[in-house]
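Chains as they are written, first to last, in the working numbering: chain L, 1 to 124; chain W, 1 to 412; chain X, 1 to 313.
In case anyone wonders, no lab produced these hints; they're calculated from the structure. Cβ coordinates follow ideal geometry from the N, Cα and C atoms, glycine included. Any given hint could be a false lead.
Claimed, not checked - Covered stretches of chain L, as calculated for chain W (at least 3 residues, CB under 8 Å):
1) 2-8
2) 33-46
3) 59-73
Said to hold, decoys possible - Here are the computed lysine-lysine pairs in the DSS-like style, where the Cα-Cα straight-line distance is at most 30 Å:
4) K78(L) / K286(W)
5) K183(W) / K37(L)
6) K308(X) / K32(W)
7) K323(W) / K78(L)
8) K5(L) / K262(W)
9) K30(X) / K27(L)
10) K49(L) / K286(W)
11) K290(W) / K92(L)
12) K29(W) / K196(X)
13) K32(W) / K291(X)
14) K56(X) / K5(L)
15) K286(W) / K44(L)
16) K16(L) / K183(W)
17) K29(W) / K37(L)
Claimed, not checked - Chain L residues, not near chain W, derived (Cβ > 12 Å throughout):
18) F15
19) M22
20) E26
21) A83
22) K91
23) K92
24) V100
25) E101
26) L102
27) A103
28) G115
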Amino acid sequence: MRPGKMFGEILCSLFKKPATNMYPAEKLDMPKNFRGKIVFDPAKCIGCKLCMKDCPSGAITINKVGEKQFEAVIDLSKCIYCAQCVDSCPKKALEATKEVELAQLDIKKLKVVFGANPKSDAKE
Amino acid sequence: MREEEKFKIPIGPQHPALKEPENFSLALKGEKIMGVEIRLGYNHRGIEKAAEARTYVQDVYLLERVCGICSHAHSTCFVQAVEEIAGAQVPKRALYIRTLIAELERIHSHLLWLGVAGHEIGFDTLLMYTWRDREIVMDILALLTGNRVNYGINTLGGVRRDINKEEIETINNGVDILEERTKYYIEVATQETTIIKRLSGVGILSREDALELDAVGPTARASGVKRDIRHDDPYAAYAEIDFNVITDDHSDVYGRTVVRVKELMEAYKIVRQCLKDMPDGPITVKVPRKIPVGEAISRYEAPRGEDVHFVKSNGTEYPERVKVRAPTLANLRAVKHMLKDRFLADMPIVVAAIDPCFSCTDRLISVENNGSRDKQFLTWEALRNYSIEWHRDKGIDFTELNKNFRKRLGSI
Amino acid sequence: MFESLFYILIFPGVLFVSVFGLAAEVMDRKIYARLQNRVGPPWFQTVADFIKLLGKEDIVPIDANPRMFRIAPLFALTSAVTVFLYIPLWGAQSLFSFNGDIIMVLYLLTVPTLAFFVGGWYSTSLFARIGSVRAVTQLFAYEVPLFMSILASALLANTWSMKEIASFYTQHPYYCFFNIIGFAVALVSLLGKLEKVPFDIPEAETEIVAGIFTEYSGRLLGILRLTIDIEMVVGSALLAAVFFPVGMTLAPVIGFLLFIVKVLIIVAIMALLRTVVARLRIDQMIDFCWKYMVPMAVCQLLMNLVLKGILFR
Numbered sequence: 001m002r003p004g005k006m007f008g009e010i011l012c013s014l015f016k017k018p019a020t021n022m023y024p025a026e027k028l029d030m031p032k033n034f035r036g037k038i039v040f041d042p043a044k045c046i047g048c049k050l051c052m053k054d055c056p057s058g059a060i061t062i063n064k065v066g067e068k069q070f071e072a073v074i075d076l077s078k079c080i081y082c083a084q085c086v087d088s089c090p091k092k093a094l095e096a097t098k099e100v101e102l103a104q105l106d107i108k109k110l111k112v113v114f115g116a117n118p119k120s121d122a123k124e
Numbered sequence: 001m002r003e004e005e006k007f008k009i010p011i012g013p014q015h016p017a018l019k020e021p022e023n024f025s026l027a028l029k030g031e032k033i034m035g036v037e038i039r040l041g042y043n044h045r046g047i048e049k050a051a052e053a054r055t056y057v058q059d060v061y062l063l064e065r066v067c068g069i070c071s072h073a074h075s076t077c078f079v080q081a082v083e084e085i086a087g088a089q090v091p092k093r094a095l096y097i098r099t100l101i102a103e104l105e106r107i108h109s110h111l112l113w114l115g116v117a118g119h120e121i122g123f124d125t126l127l128m129y130t131w132r133d134r135e136i137v138m139d140i141l142a143l144l145t146g147n148r149v150n151y152g153i154n155t156l157g158g159v160r161r162d163i164n165k166e167e168i169e170t171i172n173n174g175v176d177i178l179e180e181r182t183k184y185y186i187e188v189a190t191q192e193t194t195i196i197k198r199l200s201g202v203g204i205l206s207r208e209d210a211l212e213l214d215a216v217g218p219t220a221r222a223s224g225v226k227r228d229i230r231h232d233d234p235y236a237a238y239a240e241i242d243f244n245v246i247t248d249d250h251s252d253v254y255g256r257t258v259v260r261v262k263e264l265m266e267a268y269k270i271v272r273q274c275l276k277d278m279p280d281g282p283i284t285v286k287v288p289r290k291i292p293v294g295e296a297i298s299r300y301e302a303p304r305g306e307d308v309h310f311v312k313s314n315g316t317e318y319p320e321r322v323k324v325r326a327p328t329l330a331n332l333r334a335v336k337h338m339l340k341d342r343f344l345a346d347m348p349i350v351v352a353a354i355d356p357c358f359s360c361t362d363r364l365i366s367v368e369n370n371g372s373r374d375k376q377f378l379t380w381e382a383l384r385n386y387s388i389e390w391h392r393d394k395g396i397d398f399t400e401l402n403k404n405f406r407k408r409l410g411s412i
Numbered sequence: 001m002f003e004s005l006f007y008i009l010i011f012p013g014v015l016f017v018s019v020f021g022l023a024a025e026v027m028d029r030k031i032y033a034r035l036q037n038r039v040g041p042p043w044f045q046t047v048a049d050f051i052k053l054l055g056k057e058d059i060v061p062i063d064a065n066p067r068m069f070r071i072a073p074l075f076a077l078t079s080a081v082t083v084f085l086y087i088p089l090w091g092a093q094s095l096f097s098f099n100g101d102i103i104m105v106l107y108l109l110t111v112p113t114l115a116f117f118v119g120g121w122y123s124t125s126l127f128a129r130i131g132s133v134r135a136v137t138q139l140f141a142y143e144v145p146l147f148m149s150i151l152a153s154a155l156l157a158n159t160w161s162m163k164e165i166a167s168f169y170t171q172h173p174y175y176c177f178f179n180i181i182g183f184a185v186a187l188v189s190l191l192g193k194l195e196k197v198p199f200d201i202p203e204a205e206t207e208i209v210a211g212i213f214t215e216y217s218g219r220l221l222g223i224l225r226l227t228i229d230i231e232m233v234v235g236s237a238l239l240a241a242v243f244f245p246v247g248m249t250l251a252p253v254i255g256f257l258l259f260i261v262k263v264l265i266i267v268a269i270m271a272l273l274r275t276v277v278a279r280l281r282i283d284q285m286i287d288f289c290w291k292y293m294v295p296m297a298v299c300q301l302l303m304n305l306v307l308k309g310i311l312f313r
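Next up, chain L with everything else stripped away, as it sits in the complex (with noise of 0.2 Å):
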């Protein structure tokens, strides 16, 4: 038994430099592979709603705009980011992202609508 075991330890803390992350001041880096916010590409759909059905939390809807135009309504507020969306289309339309700071004081500005036009930004 010895009291003060981790003496040596704390005061070797007292030079170093602080463990502590700066946020957000300074941000780290998510993996590659993080899974974020999820994004469409509307050139590849092909409205099989795969994404859809296999969707834990109902959080994203295809809606059909056109003749094999398809537009996606993705809410952020229901999303689990589990990207299984990412996983079940065939066509790799769905990707997800780094991003991960998505809080918003409006509600409404957390459903994310994709265009069926891919040369319009996704609009927020």
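Assemble chains W and X onto chain L, guided by the hints.
Same frame as chain L, now just chains W and X:
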């Protein structure tokens, strides 16, 4: 002793010692605990019922969320049961990856526990250091699976992600650092006077009591019961892996600490073996969406003890019944026994020593009428009507509110 | 008249000691954090907390005795501040000094603990009551070694006045080292007085929420927090004045700065001590005090008696 000499003190549902809502009603005489009543059910989420309304693919993610810390345990346990019914032959490589993630999860869970134990006995320094080092294994898990806690690595018939050379190197480096640190923590936990003073002789559970009260996991192993599903009924790749089942005969909280820190060392050994012996090959096999009729029980040694899932299928895409028995439920009876005749000051660490996870435990709410002991079980519809009526009596009418709420939901 | 008011309200009275106390707490927390490899709070954290608490609503529990509940924090604050007027800050001279003031200082330092007990007891919460009982139980354990070790130092100087102690040790600066055991005992006892780990039993967060302070909120909680900070400074100042009253003949400004440094060093040592240990149980704490601290304090007393015989024959 007369009844008025005791006084009852509620620990929970909201209390700083408990990280999750649960109620321990302690009858105290001075500082001494004379009796304990445990009340569960504050965190019932209806997961089993929800599982019946989802397909098997969706259920993997749902059941992963039974527990935040041992999420891999629950998803693997469920997946194993479904694969058993479907008769799927999971490729070797997938089994090795599952084992690897399971052990990494055990490392992060045990390091977390060590920190929590430190916090419960007022030793926050230990908490800060262990949690700092735990970040290493969290980063490894995020790298391998794409998330820090809900790994989502399992799928029916295998795993979703493969491991490449660079990742193996990162894991090896991380495990080397962690092993070094764990040796230091073993020294701290077994030598620091104040820790030993607070842990030894507290929450004693003899071998006989452990067997009788069905303790599982490190709680049982610290009482000298050699019970480990990885060894007794090997799943995944454990049959091919050489490891020791750690037991200890201190039978108290100190013993549970020793078992956990030593298990950390075993976990590093297993991780290295997994990486070395991992065979090449596919990582998944196709499992049909419709699972044939059947039922299966699957057992899994979660960091907290034995986890049991029962799945019954009816030939459709949806399971007929899913039943989850989380390890905490098995250990709760032992807690009641361990708290008896101890001091109030020991209560947090004794409860923490089973590494409780109350949210995983809550499967059912039974509503009891005050005064009478008759239990009455209500159906969902009856419970809903009862609640609406009860609030209307109090002057709150939800009909209008509900309508507005629906409207607002629709407009978003 | 105005001079006395200035002494009591501004310097070295309420205002100065409050600011010093809040600053010492920041330093304490900062060192605690750095020892744990963290960053710690920014420099204005305690002041910000205090102002925030002042702006919040006071809630008095229905069952509590409102008068006692409100008066206890004020009582504690007043006695803690009063102590500071009797401690020599520079030039071996405190503001008010008489033969026997050391007894009064020790008495006044006990009052906050008793006031906490009263406040906790009358708030009628179960947790606060357990905390109160623990605080008083603990009081009987650490008070004895603390008193004995401080009196041992006074015994060597052959006086009951802080002023005389200071001038004695200024004449014989090396005699300070005879009191080193007493200083160690007093320092550990002070941890008990300030309810810091390993003796934070009366407010053990994981067992009894916030102990005595469970029901306090708003301004009253702010006052209680301030009292504990002031107690920390005052206790450290007492130890500095009794055990290391060197450098008292220096010029006022330098002497005063030296005094501040001494106090902060003692605060830093306490931060170090509370980082390396776990909280004890109340029975273990009492065992520890009576089995180890009291015999050590008695040793110091006997040693000083013998020394006195040898040195001043």
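> Against the structure shown, which of the earlier numbered hints fail to hold, in ascending order?
Replying inline: Of the numbered hints, 3, 5, 6, 14, 17, 21 and 24 do not hold.
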